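Chemist: One letter stands for each residue in the lines below.
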Amino acid sequence: GAGVSQSPSNKVTEKGKDVELRCDPISGHTALYWYRQSLGQGLEFLIYFQGNSAPDKSGLPSDRFSAERTGGSVSTLTIQRTQQEDSAVYLCASSSYDRGNNGYTFGSGTRLTVV
Amino acid sequence: GESVGLHLPTLSVQEGDNSIINCAYSNSASDYFIWYKQESGKGPQFIIDIRSNMDKRQGQRVTVLLNKTVKHLSLQIAATQPGDSAVYFCAEKLGNNDMRFGAGTRLTVKP
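Line by line, the protein sequences give chains A and B.
Mapping the first sequence onto this note's numbering, position 56 (from 1) lands on 350, and the numbers just tick up by one.
Mapping the second sequence onto this note's numbering, position 87 (from 1) lands on 117, and the numbers just tick up by one.
Calculated directly from the structure, the hints in this document are not laboratory data.
There may be inaccurate statements among the hints.
Said to hold, decoys possible - Mimicking DSS-like on lysine-lysine, the simulated pairs with C-alpha atoms at most 25 Å apart in a straight line are:
#1 Lys101(B) <-> Lys86(B)
#2 Lys309(A) <-> Lys351(A)
#3 Lys351(A) <-> Lys123(B)
#4 Lys72(B) <-> Lys305(A)
#5 Lys123(B) <-> Lys98(B)
Nothing here was measured: the structure is a model prediction, and the numbers come from that model.
Extracted from the complex, chain A is given alone in its bound form (with noise of 0.2 Å):
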């Protein structure tokens, strides 16, 4: 397509349930990125995947959280045993790795509400 789309754009699940949230890249873009953003504050950096490379993963904050890629293409961002301090919204982005500059974009992201 011709921007980053992530799904679902809102999802509400109750407290210990797993969610799954999914990003579709700019076809051909390299790198992408997962980011968490709490109201009204900052983007915390999740996870960062580039190419065949092994996933620098230093961002996510336990072990309930995992994201993969697959192809070098979709990713996927697993919650498990959900808390209400995970709700957040979750942004993802794209980049080409030969320009690693402005071909950073980011989807509209997917507000998580754990109640």
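Starting from the known structure of chain A, fit chain B onto it as the hints suggest.
Modeler: Showing chain B alone in chain A's frame:
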């Protein structure tokens, strides 16, 4: 740890005035900086970028200034318009590492 931060969380300006949004960064090795604009309910949108070998870069109505001596970044918006109302984030990047963002400044343009 090193981080990117902003001096002011909110800024209110009159329509037509110039706006200046500031950002302090602490990682002196960062070599690339970007300003993003985020409107309500949307993801951040690229505005302008600058590399560490430059101290000024101009776009359409926007200028980014980089002062590496004091590790300070600013975004200047000329003739601010109501459509400029948003949260503005600065971000820094080192090489091919991930991008780190500041907390953001909310700009409100008064008619």
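Chemist: For the pair supplied as a hint, Lys123(B) and Lys98(B), confirm whether the alpha-carbon distance does not exceed 25 Å.
Modeler: The given pair, whose Cα atoms are some 14 Å apart, holds under the 25 Å limit.
Chemist: Are Lys351(A) and Lys123(B) close enough, with their CA atoms no more than 25 Å apart?
Modeler: OK: Lys351(A) and Lys123(B) at ~17 Å, within 25 Å.
Chemist: Is Lys101(B) within 25 Å of Lys86(B), Cα to Cα?
Modeler: 14 Å, holds
Chemist: Is the hinted pair Lys309(A) and Lys351(A) satisfied, with a Cα-Cα distance of at most 25 Å?
Modeler: 24 Å, holds
Chemist: Is the straight-line distance between the alpha-carbon of Lys72(B) and that of Lys305(A) 25 Å or less?
Modeler: 16 Å, holds
Consistency with the previously given hints is maintained throughout, with no hint failing.
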